[in-house]
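**Q** Sequence:
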Amino acid sequence: MIKYIPNLITAANLICGCIATILATLNQFDAAFLVVLLGVFFDLFDGLVARLFNVSSKLGLQLDSLADLITSGFVPGIVVYQLFLRSGVIISHFKLNLFYNDIIFSIAPIALVSFLIPLGAAFRLARFNIRDSNSFDFFGLPTPANAIFFCSLPILIDNPSFLFLSYYLKSPYVLIFLVCLFVFLMNSNWRLFSVKNNSKLRLNIIIYPVVLFLSSMPLVYYFNGAAFPIIILIYLLLSATRNWILFQS
32 MIKYIPNLIT AANLICGCIA TILATLNQFD AAFLVVLLGV FFDLFDGLVA
82 RLFNVSSKLG LQLDSLADLI TSGFVPGIVV YQLFLRSGVI ISHFKLNLFY
132 NDIIFSIAPI ALVSFLIPLG AAFRLARFNI RDSNSFDFFG LPTPANAIFF
182 CSLPILIDNP SFLFLSYYLK SPYVLIFLVC LFVFLMNSNW RLFSVKNNSK
232 LRLNIIIYPV VLFLSSMPLV YYFNGAAFPI IILIYLLLSA TRNWILFQS
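Going by the working numbering, the sequence shown wraps up at 280, each residue one higher than the last.
Bear in mind the hints are in silico, worked out from the structure with no lab data behind them.
The beta carbon of each residue, even a glycine, is placed where N, CA and C say it ideally should be.
Check each hint, because a few of them may be wrong.
To be verified - Pair by pair, the computed Cβ-Cβ distance ranges are: (1) Leu-150 with Asn-274: 23 to 29 Å; (2) Ser-197 with Leu-90: 41 to 47 Å; (3) Lys-34 with Val-205: 45 to 51 Å; (4) Tyr-131 with Arg-82: 56 to 62 Å; (5) Asn-58 with Phe-244: 29 to 35 Å; (6) Ser-280 with Phe-154: 29 to 35 Å.
Please build the complete structure, drawing on both the sequences and the hints.
**A** The following block contains the structure:
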């Protein structure tokens, strides 16, 4: 029975992704983000439980990737599509006559750029599954970090404390740039430190997760969900700093 527990936790992650998708289509971004955070927690917890009880399996690995594709790939794609619609992009209406019935498609063509996110996540997860690496670092931005950034972006846009950023973040051109940037980061070979590092507790290893945690706490306290895009940017900056220091040494 114990061997099924990690897969049940992974299934909970997938269900969270399905629920968050519904909430995002209803523009309930705060609720969608909370459910995505719950899914990310399940994503971290299933691997921990599998290692704890020594019940890791190939099935669990594949199921984990499929759940991640929904929660950390498809959901942020839907959120960004909704942000495109809010930015006022043109919605085109296409009519298809099939069996004497008119089927109408209402789509914002430029907003389809948002679905580069699940596509990029799928490629990243596939690469992760076939990569033979014993490194404790991530290569490329993890899909959960990508999901946290985009799913919390509408919360930041709507937060009165960030009105100076909202004007730019509502622009479809900025959204296109962010989508392309994060798809690139997910599939790059850029080393990013892991917040669940299993290596020995050496100061030069744990200092970066500690700094990330300490800088995140006041941001979350003051700005709540709007803090998370900033936290992801701090994570990227800290990883870049660490890589530069390692390169210099």
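**Q** Looking back at the hints listed earlier, which ones does the structure fail to meet?
**A** none
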